[in-house]
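Those protein sequences? They're chains X and A, same order as listed.
Heads up: the first sequence begins at 0 in numbering that gives the first Met the number 0, then just goes up one per residue.
Heads up: the second sequence begins at 0 in numbering that gives the first Met the number 0, then just goes up one per residue.
Rather than coming from a laboratory, the hints here were simulated on the basis of the structure.
Heads up, none of these hints are tricks.
Here are the computed distance ranges between Cβ atoms for each label pair: (1) X:Glu21 / A:Asp183: 23 to 33 Å; (2) X:Lys56 / A:Ala176: 18 to 28 Å; (3) X:Ser106 / A:Arg179: 20 to 30 Å; (4) X:Lys56 / A:Trp115: 41 to 51 Å; (5) A:Gly394 / X:Arg116: 47 to 57 Å.
Partial chain A-side listing against chain X, Cβ under 10 Å, derived: (6) Ser141; (7) Leu143; (8) Val146; (9) Arg150; (10) Glu154; (11) Gln166.
These numbers come from a predicted model, not from an experiment.
Note that beta-carbon positions come from the ideal geometry of N, C-alpha and C, so glycine has one too.
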Amino acid sequence: MARVLIAEDEPHIVESLSFVLEREGYDVAAAADGESALASLRGARPDVLILDVMLPKLNGFEVLKQIRRDPALVSLPVIVLTAKGQARDRRMAEEIGVSGFMTKPFSNRDVIAEVRRLIPG
Amino acid sequence: MPRTLIGAKIRDRRRTLGLTQARLAATLGISPSYLNLIESNKRSIGGRLLKRMAETLEIALEDLDGAAERRLIGDLEELAAEPMLADLHLDPSGAADFAGRHPDWARALIRLHRAWRDRGEAVNALSDRLNQDPFLGDAVRSVLGRVAAIRSSSEILETVDDIEPRQHQRFVSIIAAESRRLTDVAQALAAYFDRAHVGTRPITPVEEVDDFLFERNNHFPALEQAAAALRADAGIDGVCRESTLVEYLGRAHGVRVSAAPESGRHEDAFDLASRTLVLADTAPRATRRFALARLAAALFREGRPVEEALAASSLLSSEAARRRARRALWSYLAAALLMPYEEFLAAARRARYDIDYLAQRFEASYEQVCHRLVTLRRPGASGVPFGLMRIDPAGFLTKRFPLPHLPLPRHGNACPLWAGYEAFQTPGATVRQIAAFPTGERFLFLARAIEKTRPSFTLPRRLISIMLACDVLHADQIVYADGLNLSSSAPTTPVGSNCRLCVRRDCDYREEDPIIDA
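This is chain A alone, in the form it adopts within the complex:
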C-alpha cells in the first residue's frame, strides 16, 4: 500500500483549478508521467515537493499528509467487512478512492455505521437481559403460580353446586390471598419496566474518545504546562512521593485520604460530598500514587485545563463521550505530573526505551510508563512514535492508540499472531516480534502481560496485555530490538490486522474467513 492516498485529492484540485497535468508538472519541476503516478497513488511525495504541491494547488499542507484519510480508509475497510455487506463484494481499493474524493460522505457513512452497531449492541443487551434476568424469570413464575391458584379455586366455586359453606369460605379466602400476592408481583413488574427505560450504554463514546486522542496526536501541550504548574504548587521535586500528594490534596483542596483495608473493591473512590478519597490498601504503591495524582489533576484549577482541552474538539458528540474523554485527560495530566516531559524523554532516550528501567526510575507501573511513552509527541522534542494496545484475556482490544500506518481494528479482536496475545503465555515476560503486514509495512511489536492485583486468592488471576508498536525504522533506537535482525530481508512474522479483514490466504492461524475478496 502506498504511503499516501492523496492522489485523487490532488487530481481533483488540479482539475478544479483548470490545470493540465503537463502544466502542473512543469510548475513543480517534475515530469508529467511522474505526476500521473502521484495522482494514481503509485508514488508518494514528501518534503519540498509536497510543500510546493500544496502551495501551487492552494491547499493547506495538513490536508495533504494523508493521515486523516488513512484513518478514514481503515474505518471504511472495517465497514466493508461487515457480513451483511458480503454479497456486495465491495472492492477494497474503492475505499481509498471514495475517502479521497468524498471525505465528508465517507465520514457520514462511518457515523451511520457506528450508530448502527450501537443499536445492534443495545438490542442484543436488552434481549439477553429479558432472557437471563433472574428477577424477570422469578416474577413470571410467580405470576403463573398465583394465577394457577386463583383459577383452580374459582373453578371450584363456579362448578361445584353442593359445596359446604365452610369449604366455600375457604376457597374464597384462597382467592383473596392469592390475588393480593399477585398484586404485589404485578406492581413489581410494572416498576421494573419503568426503570428499564434507562437505556443502554452506547459504544460510540469509546470510538469518539479514540478519535479525539488521535486528532490531538495524543499530546496536549496545555496539559503538560498544567502539570508543571501543578508540580510547583504541590512542591514536588524529583520523584513524586505519595505523602507529598496526600499533603497537597489536604492543603489545597481539603481532601482527606483514607485507606480501606478490605472494601471488597480494589479501586479508589472519591466521595465529593465528604471530600474523602478512599484508596485500596492492598493496591500496589504505583497504583495508589497514580490515584492520588489523578485526583490532583481533576481538581487542579477547578478542572479548567482539562475542560478547555475537551472544548477545543468537535469530535465528542455526547455527554458519555465527554465524560470518558475527561477521565482520559485526568490520567494524562496525572502521568505528566509524575513523569515530567523533558525528564522522561531524556531518560527514555538514554535508556533506549527500557520500560522496566523507566518504571523504576519514576516509580511508576509498567502500564503507566507505556501510556506516557505514547504521549512523547511534542513537535521538535519527540520520542520514538509508538502505538499502544491494551488487550484483555478474552482477546478484546480495550484500548487502542494507532500509528498512522498501523491498522488497529476498531471492533473486537486483532490478529492472533500478534505479540500482544503471545504475551499471555508468559506473563511478566516481554515478547517481541517484527510483524510484517500484507502491505509491506513492518513494525516492532513488544508486549507484556501484566498482572493486576486481585481482591483475594480464591479469585482468578487478572492479566492484561499491553503492546507497544513502532515502525521498524525506529527499532534500532529501542533496546527491545537488540539481537533482532531488522533488515528488510530478515524473516518476520506475517500478520494482518484481523482475520476478517486480512488478505493472507495461506495463513495457518486463520480463524475466520475474510469478508473482502481481494
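Bound-form chain X, shown alone:
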C-alpha cells in the first residue's frame, strides 16, 4: 500500500485529508511540526509528502531544503501546501525543488489527483 505523510499543524485539515486519502486506499501518517516531520521521513520514507509551508519548529521550506540535501530523500515527491497563493512562496519552493502545489482552500479531489500523479502505479 502506498504511504502518504501529511506535515500540517491544523488537526482538522489532517483529519479530513486522512479520511479521503484512506478511502482511496493510501496509508496515511501525520506530523504536526517540521522537526517531527523530518524524523518521520528519516524513520520510514513515504511515497509522497504533503508539506504545509507554515509549520512550527521548522518551517516547510527548511524541511524541503533538508529533504533535497539528504541522499535518501532527495527524490521524494513533495506537494507543498500554501495558505497564500503568493508568487514568492511558489518561487522559493520551486527553487528548492518541489513536485506539486496546492493552495488553501483546496478541493479534496485535487489533492487526491496530485497524489495519484506523483505515486507511480
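Based on the hints, put chain A in the right spot on chain X.
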C-alpha cells in the same frame, strides 16, 4: 543670481502707473539704462534708492525687499525638479519671472504641490501598511486555513454517500468549530478596517510651521517679554536652576515632578489629569531643565502668550500645523526663559559665538544654544543672522530655518558635501567649511554631530547633526572662522542645495542626475 528679484514687480507697477522708463528714472535720479538693468534683475538696489523707488511707485517697502519672492522661487524650483515634470524641460529662470509677476498664482501652485505630495506619502504609507502589517498577514492566513478546513470537511459530507454516522457527526463538528473560528477572524478584520479610517498624518504641517517661523523671522518679541515676566514670577536670577523651576511649577501650577528611573521612554511626559511631569532620570541635566522650562512656558498665563502668537498668522491651516507650531513656540519661550535675550546676545558677541562657551555659561545643551542663536533677530539689537539645519543619520533634514539667500531643500536630503554630513564622521567635533553655491553666494557652515542619550547600551548610538550657516560677510565675527581664508579668491567647497536641483555638472560627489536642464 542677483540679490533681488523684484524687477518684474517694479516694471509692472511702473506700467500700471503709466510711467515710461525715462520718466521714472528721471524722478529717481538715475539713468534709464540703469533702471532697465534693475527691471531685468541685473542690478539690485537698496538703501535710499529702494526707499525712493517704493515711495515713487507707491508700494510698501517690505514688498520690494524680495525675501518672500526668493522663498517662493525656491519652492517653485523644487516643484520644477519633480521627476514627473521632467519632460516639460521647465526653464528655471521662468520661476523668478512667474513669482515676480503672479505671486498669488505661484502660491496656489505651491499649495497644490504640497497637497499632492501629501497624498503621495499617504498612499505609500497605506500600501506599505497593507503589505507589511503583521496583523493583516496573520489574519489572511487564518481565514484561508479555516476555510480550507471547512471546505475539505463539507466536501466529504457532500460526496461520501456511505459515511458512518459517527464520522458524519465528526465532520459536522469540525465545520461548526472552524466556522466559529472564522467568525472571530472575520470580525477582527472588519474592526481593523474600521479603525484604519483614522487616516495618515499629512506632511504639510511641518512646512507650514517652517513658513510660520520664517514669516516671523524666528523672533517673537511678545514671547521674549513673556519670558522676562516668567523669570520674575519664578524668581529666577542669573542661571536658572532645576530646583527653582520645580519649586515654581509646584507653587504656581500645582505640578508635581517625578523621576522615572527606567521607564523605557527617555523623554519627559506630562499627565494633565494628575498634573505630574515625569522626567527621565537618565536624561542629561540640560535636557531635564529644558523639559521643566517647556512645561512652565506652556502653562504660563494659561498658554495665552503662545496662542496669541499663533493667532496672528494665517499660515497654519490645520489643527496639526497649529499643534506643531504651539510646541515650537513652547520651546521658544523655554529657551528665552533659560537664555534671556540681552544677556545671551551680549555673551554671544563677547565670545564671538563660541557655542561651547555659551552652553557652559548658560548650562544649556549644544542644540539649545544653536536654536537660541537663530532667534537673535530683534531689530536694532540682533546677532549675526544664522540659518539652522538639523540632520538625521539617514541624511534627512528634520528641521530647517533658512537664510534669505541660502537655499535649503524642503524635502529629503541636501548636498552630500555640506559640513552637516561630514560632521557625522567625527561626532562631537566641530566641522567648518566655506561653502560656495553656483550662484556665487558663499556661506560659513559650521556643524557638529551631537550624541543624544540612548536608553540602553545594547541599542545603537543616537547622533544628530546640527548645522549653522551664516553669510561669509559675517564670518569674521565668528570664532569658528578663525584661521579660514575668507577672501573671495580663497579656495572654497563648491556645493549645491541638493543633487536634483544643482547645476554643477562636473561634481564628483553627484548622487542623482539633475532634473533641471540649466
